[in-house]
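Participant: Okay, here's what each chain looks like letter by letter:
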Amino acid sequence: MLVLFGVGYGLVTSSGSATAAQQVAPNAAQIAEGRTLFEASCASCHGNFAEGTNVAPTLIGVGAAAVNFQVGTGRMPLTANAAEGIRKPPEFNPSQIKALAAYIQDLGGGPPVPSAAQVNPAAGTYGLGQQLFVADCAACHNFVGAGGALTYGKFALPLSASTPTQIYEAMLTGPEAMPVFNDLTITPPEKRDIIAYVTQVRAQPNPGGFSLGRVGPVTEGLVAFLGLLLFLVLAALWITAKHGKAHE
Amino acid sequence: MSVERALEGTGTWLDDRLHGARGVRVLLRKVFPDHWSFLLGEIILYSFIILLLTGTFLTFWFQPSMTDVIYHGSYLPLHGVRMSEAYASTLNITFDVRGGLLIRQIHHWSADLFMAGIMAHMIRVFFTGAYRKPREINWLIGIILFTLGLLEGLFGYSLPDDLLSGAGLRILEGVVQSIPLVGTYLAFFLFGGPFPGHLIIPRLYILHVLLIPGLILALVTAHLFLMFHQKHTQMPGKGRTNKNVVGAPLYPYFMAKTGAFFFFVFAAVALAATFVQINPIWLYGPFNPVAMSAGSQPDFYMGMLEGALRVMPAWQWVPFGHTFAFNVFIPALVPLGLLFTGAALWPFLEQWVTGDRREHHVNDRPRNAPTRTALGIGMITFYGILWAEGANDVLAANFDVPLYWITWAARVGIFVGPVIAYIITKRICLGLQRKDNHLIEHGVETGIIRQLPGGEFIEETRPVDEDSLAVLTSRTDYPALGTADTVESDVPPAGMRGGIGRVRERLYKVVTESAPIANGHGNGHGNGHAIESNGHDHAAIGTGAGSGSGPGGSESEDGHS
Amino acid sequence: MSNPNSPDSGDTAWQEYLTGGEQTASAGGASTGGASAAGASAGGSGAADQPEETAGPRRVIGTPPPAAARTLLAPADDGGAQPLVRELPSDPDDPARAKKAELVVAACFILAMLAGFGFLVAYGIVGVGSITGAQHSNLLLGGTLSITLLLLGIGATIWVRQLMPTVELTEQRHVMASDPKDKAAFKETWDEGAETSQFVKRPIVRRSLIAATLPLGIAPIFLLRDLGPLPGKSLDTTVWRKGLRLLVYGTNRPITPAEFSSPGSIISVGPQGFLNDDDAMAKAAVIIIKFRPGEVDYAPGWRPVANKVVENWTVDNIVAYSKICTHVGCPAALYEQTTHHILCPCHQSTFDATQGARVIFGPATRPLPQLPIGVDKQGFLIATGDFAVPVGPSFWERS
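Protein chains in written order, with our numbering: chain V, 11 to 258; chain A, 3 to 563; chain P, 352 to 750.
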């Protein structure tokens, strides 16, 4: 499976970068720092020149976006051999991540990190984002990005902690089981609409009360039984209890 | 007092026209037995009343139309989005009508409580045997009400035409379509054409606000009338026989208690509607047939059907150019159909097997009907496993279990689970019966240890008090199936002949299996007859202490070790 | 015979039980309207009891139920000569406790009233018209309403439990089965009427009546015929035709293979001109997936082959499948690029996208139909025909 990863990433074309906004050109120092970090933390799995090994895919052509996403969300370095990487506190600070990304980008090309303007939720349209999200994303991530189950122990994680940049990068690079939505299929403005939807809906207050995780009727049914019915059984016990008799 | 005179005046005025004094007096004095589990039915009744009230409120604003509109209301995120009028009007109720969201949520929580109450009430009636003669009609009415409630809820939450409930309608259409011979016709007639069409919401609306509530109202009225006419059952206890009702009169006691309970029911759904969000359709978005979400489930009372659809393997048969889509119409029709048909036939089946055609007005303690209780638990297990399977992707995501494992566990579980549950429950019931027998025979342990002159230590017991004794000794005496000594020849009685007869006899043995009270004093209806002393020497306080010593005493003491 | 005051009406079986087989007291005793519980049967065994089926509960004198239940011993009520006997005590069991309870109950009700007013005030001053507005309104209106109701319930319960004396009354039941005499009378009345009506004696009239009402009875079913059109062949086809462009759903843009070039991509598309037509999209929704070379199990030729992808229906390793699940019709939108499984979130039917979307798990029985695609002169992806098989859930007429 991981080898397939390698083949996959290796063949990602640079189509994404054709319409990407301007990136600050990384300098040689950053790239050098990146190489140092890479050799220390990543080469053992990904190979000395990021060519991939039998335990990790090649990073040639994955681009700065993929590195920024994977390392920035703490998925990489992978600490446990799970069905998929999990978001956890990142091991590297932001400038180190930039350096790693610069190195990989320089090494093999690929989609760059999106600019701030590209991921600005305020510039996106919630309505269109909602339409795209429920058609293409909600089947894994749920209506509002609360997450869902995939097969064989994998799951699509909740999007509650994802930054706009990370959302963009995930769509662009298709991490692990997630499909790829390059910038010509879902254009940058459309990606921005999706980001607007995801970030705004999760911040939206719940006018009806506790949201129960926005999971839906499953949790509502639990509340109906364990909450309402139980409360009423207790009320019935009180109303019909006999005086002076403790639990008869 | 002028109030009293006003009441008297009104009463006289009515009586002059209705001849009601005696009849109403009887009604006011009617005795209602008092047990907490008898209030479960009231949960349903009061939820229904709340549904009618809040539902009427909602109809003043809801538009049951699938015509497309562009939204321009108060929920700004969806500005400019194309949606149906039904969805837009629901957003309007939620965000633009004061109290609209509250009433919507009360309505939906009441619906959930209505169904949960039906399940609880039905289970109580089943396990206490309150469906037995003369209440079989009420039992059947109840099952019909359960079915109507399922439909009513399904149609109700589909009315806002949101993405989640729209997916449910799509599934409904696919299920109807799969029915052999007539499926496609039924689906096209229901939806007025291909899915989704523009007629399904208005049609469901009139079913939801007029037809089904009317049926429910009529059946609930019949249900309550029967309950009044036949008088409610009562739990076994002292002074309670099959020929009386012991309790408090309707006026003022039962009225007060039921009034208090009404407020509790209303308070419960109001609390839920205030603090717990339900059916946030603005988050689901308007329905469109291209979109879908993970974790899509119907409301919980449809969960069993949903689970059945998920658990079914991919079976179909395609002979001669036609498809039997077993994978769809079997889970849709068979599990629930079996359960409801079985439940409907159960009172009559039980009558046939046990030969017991007497009236029963005293409830059984579940342990005293071990087979019935075990069967009931088995069926609940079956239902529960399918119900859990309906939420399999939510369970998988939240408990970190691979998705397919849950489905496989359910596929095995629906066959193995009920059997195991039956066996375990039956053993537990018989064990509890033995414990009761022990209490009856030997009394309650007091914790007082006494040393006998011979050096042995015994624990003193005291007899069970009368109330508890009445409860403990209430068992249903099953009549013996046409025994040979009632006929004069070797020919067995009519109901016992042939293969059916042998089946009946075997079933009879299974159904009536129980741990009998040792002295054979199962006196049928718990009418308070005390167990006679039979000469056993119990180390009971207050009895002749002298009998506690010697061989007779130690004999009984061994039984207490 | 139909005198409701007759001592025999409906009560013989239990009458015997109650009186131990003796029938005492004549009909005269029963004709008094209020003779309800006729005084007490002493000691619970047979006595001069005439239970009135229309009167109230009987008092059974014997060992009273425990826990302070009250039954009053009173002289027999002979209907009218003496005033009716009081059956319910007028004062609570524990007057001292009741006094305190009274204050608690009153406090509950007064607080409930205040909360009720709070509801009215909240309605007036808290506006809706936004998400936070709805939130505040819901909290205030719901909170005040809940408090009112809860306090009413609590107050009423304490009232019943502490202020009202505990009472346990006993009422006799009647055997459900009617008295044989009544049943016989009923049968006679019924038979009488049937005979008089001539319904039984004149078969021509009877049968022709039934025949006349038969069509009327079936008429409502006929009236439902126009509920919908007949399905005909409409389930067999979709709106896809040769030359219709694939437009990305939501953005309505056509797409070229050069744009949709990242392996592992998927996107939902629909036929040009139909994206806002829900009826069409319910069957015409399509997903296109981009594979790497060598991933797909191709079949040569132009006709569908089981478990394989028709190569001539693809463009540059881009495969198009119907998005409508063949189980019960949900859009099957979940795609795992690593396993190339398409998972329908409704009931977990799983399809392998590299093998003609064959079913590998779950209740679906048929693979997702493949849409034949190509490119037009401008290079945009188009359909080159409709699906070769019906889309969506199975139905009877599908072969």
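One should not assume that every hint holds.
Lysine to aspartate or glutamate pairs mimicking EDC-like chemistry, simulated, CA-CA at most 20 Å apart [claimed, not checked]: (1) A:Lys-135 to A:Asp-402; (2) V:Lys-164 to V:Glu-186; (3) A:Lys-240 to A:Glu-443; (4) A:Lys-437 to A:Glu-352; (5) V:Lys-98 to A:Glu-443; (6) A:Lys-245 to P:Glu-519; (7) A:Lys-135 to P:Asp-445; (8) V:Lys-252 to A:Glu-443; (9) A:Lys-32 to P:Glu-438; (10) V:Lys-252 to P:Asp-442; (11) A:Lys-245 to P:Asp-442; (12) V:Lys-252 to P:Glu-519; (13) V:Lys-164 to A:Glu-515; (14) V:Lys-252 to A:Asp-467; (15) A:Lys-437 to A:Asp-402; (16) A:Lys-511 to A:Glu-352.
It is worth saying that the hints were derived from the structure and are not from the lab.
Participant: Against this structure, judge whether each hint is valid.
Facilitator: Now for the hints, and whether the structure bears them out:
{"no.": "1", "hint": "A:Lys-135 to A:Asp-402", "verdict": "49 Å, violated"}
{"no.": "2", "hint": "V:Lys-164 to V:Glu-186", "verdict": "10 Å, holds"}
{"no.": "3", "hint": "A:Lys-240 to A:Glu-443", "verdict": "18 Å, holds"}
{"no.": "4", "hint": "A:Lys-437 to A:Glu-352", "verdict": "26 Å, violated"}
{"no.": "5", "hint": "V:Lys-98 to A:Glu-443", "verdict": "65 Å, violated"}
{"no.": "6", "hint": "A:Lys-245 to P:Glu-519", "verdict": "16 Å, holds"}
{"no.": "7", "hint": "A:Lys-135 to P:Asp-445", "verdict": "41 Å, violated"}
{"no.": "8", "hint": "V:Lys-252 to A:Glu-443", "verdict": "27 Å, violated"}
{"no.": "9", "hint": "A:Lys-32 to P:Glu-438", "verdict": "13 Å, holds"}
{"no.": "10", "hint": "V:Lys-252 to P:Asp-442", "verdict": "17 Å, holds"}
{"no.": "11", "hint": "A:Lys-245 to P:Asp-442", "verdict": "30 Å, violated"}
{"no.": "12", "hint": "V:Lys-252 to P:Glu-519", "verdict": "11 Å, holds"}
{"no.": "13", "hint": "V:Lys-164 to A:Glu-515", "verdict": "49 Å, violated"}
{"no.": "14", "hint": "V:Lys-252 to A:Asp-467", "verdict": "16 Å, holds"}
{"no.": "15", "hint": "A:Lys-437 to A:Asp-402", "verdict": "42 Å, violated"}
{"no.": "16", "hint": "A:Lys-511 to A:Glu-352", "verdict": "12 Å, holds"}
The structure does not agree with the numbered hints 1, 4, 5, 7, 8, 11, 13, 15 stated previously, though it agrees with the rest.
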